[in-house]
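Q: Chain by chain, the residues run as shown.
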Amino acid sequence: MAAEKASWVHKDRSMELQKKMIARHFERLERAPRCGEPVVYTFVPGNLTELIRSFGALPVLPEINALQSGMRGKSKDYIAAAERAGHSEDVCTYVKCDIGMLKSGNIGPTGTKLPDPDLLLLSYTGCYTFMKWFELLREEYNCPTVFLQVPYQGDGRLAPEHREYITDQIRKDLIPALEQVTGRSYDEDLLRHHLGLAAETEDHLVAVLESAKNRPSPIDAYFGGVYYVGPIFSAFRGTEEGVEYYKELRSEVEARVAAGLGPITPDGPLNDQRFRLVVEGPPNWTSFREFWRMFSEEHAVVVASTYTKVGGTYDFGFRHDPDDPLGTMADYCGGCYTNLNLPSRIDMLVTYIRDYEADGFLINSVKSCNSFSAGQLMMLREVEKRTGIPGAFIESDLVDPRYFSAANIKNRIESYLQMLAARAGAA
Amino acid sequence: MSARSDVVDWALECYHDLDFGVVHGWLEEESGRTAAGYLPVYAPREIIHACGMLPVGIYGGGDQLEIIRGDAFYQSYICHLPRSVVELAQSGRLDFLSAMLFPSTCDVIRNLSGMWQLLFPEQYVRYLDLPHQRNTELGGAFWERELRTLLKDLGEVSGRTATEEDLKRSIGVYREVRHLILELYRVRREEPWLVPTEELYLLMRAAEVVPPETFLEQGRAYLEAVHAEPGRRRDNSRVVIVGAFCEQPPLGLIKTIERAGCYIVDDDFLVGNRLLEQDVPTDGDPVRALADTFIRHASKTSILYEPDPAGKRHLMAERVAAAGADGVIFAAPSFCDPALLDRPMLRAGAEAEGIPCIAFKYSENSGQFQQFREQAGTFSDAIKLWGGT
Numbered sequence: 018m019a020a021e022k023a024s025w026v027h028k029d030r031s032m033e034l035q036k037k038m039i040a041r042h043f044e045r046l047e048r049a050p051r052c053g054e055p056v057v058y059t060f061v062p063g064n065l066t067e068l069i070r071s072f073g074a075l076p077v078l079p080e081i082n083a084l085q086s087g088m089r090g091k092s093k094d095y096i097a098a099a100e101r102a103g104h105s106e107d108v109c110t111y112v113k114c115d116i117g118m119l120k121s122g123n124i125g126p127t128g129t130k131l132p133d134p135d136l137l138l139l140s141y142t143g144c145y146t147f148m149k150w151f152e153l154l155r156e157e158y159n160c161p162t163v164f165l166q167v168p169y170q171g172d173g174r175l176a177p178e179h180r181e182y183i184t185d186q187i188r189k190d191l192i193p194a195l196e197q198v199t200g201r202s203y204d205e206d207l208l209r210h211h212l213g214l215a216a217e218t219e220d221h222l223v224a225v226l227e228s229a230k231n232r233p234s235p236i237d238a239y240f241g242g243v244y245y246v247g248p249i250f251s252a253f254r255g256t257e258e259g260v261e262y263y264k265e266l267r268s269e270v271e272a273r274v275a276a277g278l279g280p281i282t283p284d285g286p287l288n289d290q291r292f293r294l295v296v297e298g299p300p301n302w303t304s305f306r307e308f309w310r311m312f313s314e315e316h317a318v319v320v321a322s323t324y325t326k327v328g329g330t331y332d333f334g335f336r337h338d339p340d341d342p343l344g345t346m347a348d349y350c351g352g353c354y355t356n357l358n359l360p361s362r363i364d365m366l367v368t369y370i371r372d373y374e375a376d377g378f379l380i381n382s383v384k385s386c387n388s389f390s391a392g393q394l395m396m397l398r399e400v401e402k403r404t405g406i407p408g409a410f411i412e413s414d415l416v417d418p419r420y421f422s423a424a425n426i427k428n429r430i431e432s433y434l435q436m437l438a439a440r441a442g443a444a
Numbered sequence: 037m038s039a040r041s042d043v044v045d046w047a048l049e050c051y052h053d054l055d056f057g058v059v060h061g062w063l064e065e066e067s068g069r070t071a072a073g074y075l076p077v078y079a080p081r082e083i084i085h086a087c088g089m090l091p092v093g094i095y096g097g098g099d100q101l102e103i104i105r106g107d108a109f110y111q112s113y114i115c116h117l118p119r120s121v122v123e124l125a126q127s128g129r130l131d132f133l134s135a136m137l138f139p140s141t142c143d144v145i146r147n148l149s150g151m152w153q154l155l156f157p158e159q160y161v162r163y164l165d166l167p168h169q170r171n172t173e174l175g176g177a178f179w180e181r182e183l184r185t186l187l188k189d190l191g192e193v194s195g196r197t198a199t200e201e202d203l204k205r206s207i208g209v210y211r212e213v214r215h216l217i218l219e220l221y222r223v224r225r226e227e228p229w230l231v232p233t234e235e236l237y238l239l240m241r242a243a244e245v246v247p248p249e250t251f252l253e254q255g256r257a258y259l260e261a262v263h264a265e266p267g268r269r270r271d272n273s274r275v276v277i278v279g280a281f282c283e284q285p286p287l288g289l290i291k292t293i294e295r296a297g298c299y300i301v302d303d304d305f306l307v308g309n310r311l312l313e314q315d316v317p318t319d320g321d322p323v324r325a326l327a328d329t330f331i332r333h334a335s336k337t338s339i340l341y342e343p344d345p346a347g348k349r350h351l352m353a354e355r356v357a358a359a360g361a362d363g364v365i366f367a368a369p370s371f372c373d374p375a376l377l378d379r380p381m382l383r384a385g386a387e388a389e390g391i392p393c394i395a396f397k398y399s400e401n402s403g404q405f406q407q408f409r410e411q412a413g414t415f416s417d418a419i420k421l422w423g424g425t
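Respectively, the protein sequence lines represent chains X and L. Mapped onto this note's numbering, the consecutive letters of the first sequence carry residue numbers 18 to 444. Mapped onto this note's numbering, the consecutive letters of the second sequence carry residue numbers 37 to 425.
Source of the hints: derived by calculation from the structure; they are not laboratory data. Among the hints, erroneous ones may be present.
Below, in silico cross-link-like pairs of lysine-lysine (DSSO-like), each with a Cα-Cα straight-line distance of 27 angstroms or less [said to hold, decoys possible]:
| hint | chain 1 | residue 1 | chain 2 | residue 2 |
| --- | --- | --- | --- | --- |
| 1 | X | Lys189 | X | Lys37 |
| 2 | L | Lys420 | L | Lys397 |
| 3 | L | Lys291 | L | Lys188 |
| 4 | X | Lys130 | X | Lys120 |
| 5 | X | Lys189 | L | Lys336 |
| 6 | X | Lys120 | X | Lys189 |
| 7 | L | Lys397 | X | Lys93 |
| 8 | X | Lys264 | X | Lys230 |
| 9 | L | Lys397 | X | Lys120 |
Part of the chain X face toward chain L, derived, beta carbon under 10 angstroms [unchecked claim]:
| hint | residue |
| --- | --- |
| 10 | Met148 |
| 11 | Glu399 |
| 12 | Ile426 |
Backbone N, C-alpha and C fix where the C-beta goes; we use that ideal spot for every residue, glycine too.
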């Protein structure tokens with residue numbers, strides 16, 4: 018046990034690396050107004066980090082701030098502040114958490130002050146609420162807003178005319194706005210450089226995610242997965258720091274594969290894995306460790322998840338292509354998970370269950386997010402029908418602790434896993 | 037029976053008929069006829085009509101339909117409309133539709149398009165991604181291509197490829213429909229005692245399911261009759277209803293608001309029928325004309341991006357002034373993202389201008405109206421006693 022613990026501390030250098038990267042980023046954000054570094058607020062799905070970076074600007078991702086606030090126990094008060102200001106109890110708690118944080122001084126998750134945006138880049142990808150979110154933020158800031166409409170893949174593909182629509186908007190609206198805000202000219206060579214780094218990062222991430230095909234799985238692709246996608250979803254895709262982090266992470270994971278070890282969980286290494294699960298939907302952030310523990314205590318490991326694809330579906334082959342800078346950004350935006358129609362999402366779940374040899378799948382349906390949640394009950398039935406594997410369905414929320422009922426969720430998970438065990442025994 | 041009550045009774049029958057008898061009647065009149073359904077808020081009915089299809093607005097089952105199968109598709113925190121739409125479909129009441137369109141109103145309707153693809157693979161299903169870029173070069177070109185795709189596809193579904201002339205004729209028909217709707221709204225705004233919203237609303241609902249020619253005939257008869265049979269003027273306050281553009285309130289709620297002492301002088305019920313604020317030109321390319329008119333003249337609504345940073349702040353004051361209203365009632369369906377996320381911005385703008393506001397939530401199957409009566413009645417009294425500032 019002691020040896021395992023020591024081994025984990027040694028192998029988890031990537032976590033320390035990530036922590037430092039994020040802290041440095043927020044410190045840099047705090048200094049940005051003094052240093053004259055422009056700041057662009059944007060969203061994770063459809064984020065154009067490489068383009069933003071190529072203009073020397075820094076990205077701020079409000080969802081990341083909201084989830085971090087949830088993990089650090091701050092979201093409850095922020096949500097209350099927003100609801101007191103007239104925001105409905107029915108709507109997305111990420112939005113209310115962000116608005117509440119803003120009303121409370123805009124101190125970011127690491128305790129540093131977040132700068133006001135120089136540009137609100139509304140990448141309208143896979144979530145209706147994004148539109149209202151930035152209309153709401155626009156009321157608070159005196160800065161331009163650029164709207165980038167990413168057509169939904171209603172027919173299960175990004176049609177050529179939709180791709181062209183996205184590239185036209187980037188060329189004609191977004192790039193001029195970035196030039197205006199940053200005072201820099203569009204530098205396509207620099208953009209290509211960042212896109213090349215992005216592709217390299219994506220290769221490493223996919224290797225990490227696909228390592229879960231091993232037995233035991235060296236990673237937890239949901240609870241651990243959200244840490245693994247942290248840098249690529251936030252500010253570091255297309256950067257040298259990002260590449261360095263993912264190289265390190267990959268080497269750690271490959272070492273675990275070679276040693277036949279499982280992932281580190283809140284209770285230590287999970288080498289004895291009795292259940293391999295696929296999970297659909299975002300996690301609850303306010304009781305994240307408690308939620309994870311409900312799985313790890315039962316020796317259940319998540320081998321694939323859809324939530325880790327909201328910032329890009331790299332494991333289905335997409336890579337940023339430096340040879341087609343605008344087109345590749347359009348492809349990226351169009352392919353983010355929540356921009357896929359329900360049949361495509363079901364296909365993805367079925368593929369994961371098959372390719373990762375999962376024993377079961379679970380849907381965590383969050384009250385806040387209709388983009389994910391509407392239709393999940395039908396997804397459950399369709400996946401059950403196509404795989405012959407029964408699924409589990411639990412409900413919680415993103416960052417509103419009022420909607421995390423630990424006893425109910427634990428009961429459901431335990432009952433579900435018992436049922437899976439009984440099925441396996443019967444077989 | 038008066039001419040007015042004849043029309044209202046006819047509209048009420050259409051409203052109550054969850055079996056869409058009027059649509060079946062039209063389909064059976066001639067072999068080969070087809071119908072296309074669409075969900076709220078906006079669908080280009082001209083395109084559907086030009087392909088020889090009957091456009092049919094699908095607004096769920098309101099308070100008349102017991103939800104049995106629909107609840108199995110949705111969690112408790114999702115609005116009521118999709119579950120009653122699914123209930124209608126699962127009970128076979130929508131089997132007459134050859135196509136179903138899902139406009140980009142919100143993520144719930146968006147995801148329902150995918151569910152429909154799985155539930156009804158034999159039906160043509162299309163997600164209509166409305167343009168948020170409000171310039172003709174980007175948004176206009178995008179929407180024009182979407183409309184051309186829809187025109188082609190529906191032509192294949194109906195077996196009747198629309199010619200340019202067909203589409204121009206349909207644009208002309210829906211121009212008349214919109215003119216009549218706007219005239220009814222004008223009369224109600226200027227003399228709300230002549231056109232109770234309960235009756236106007238029923239006419240609007242009928243217009244969603246009957247052939248446009250039938251609506252024109254009935255609507256014109258109603259308009260004539262209201263002048264011949266004027267209602268009694270009451271000492272009511274004048275209010276604008278905001279937020280009820282998708283899931284519709286039960287008829288009882290509309291009656292309750294008016295009976296509590298509020299003349300509704302503007303609203304966003306079924307707003308898709310008048311979303312285009314200008315006529316679509318019939319000279320030139322009709323598809324481009326439809327697209328351009330949407331880009332340039334779509335009314336401000338929660339389902340579309342507002343490019344003007346001050347747009348949300350000013351919208352309520354503009355609507356209140358245009359309607360000569362005294363206050364705003366924000367009435368949104370529970371769990372309605374577009375209406376509820378917009379509300380803080382709209383309400384702050386209204387209150388900054390000293391416009392009295394109240395807010396409540398409803399569901400299409402709300403059955404108890406006492407709380408709404410008390411709220412609306414108190415609101416009306418407060419306006420009369422203290423005015424807006």
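Q: Checking against the hints above, which ones are violated?
A: The structure conflicts with hints 1, 3, 6 and 12, although it agrees with all the remaining ones.
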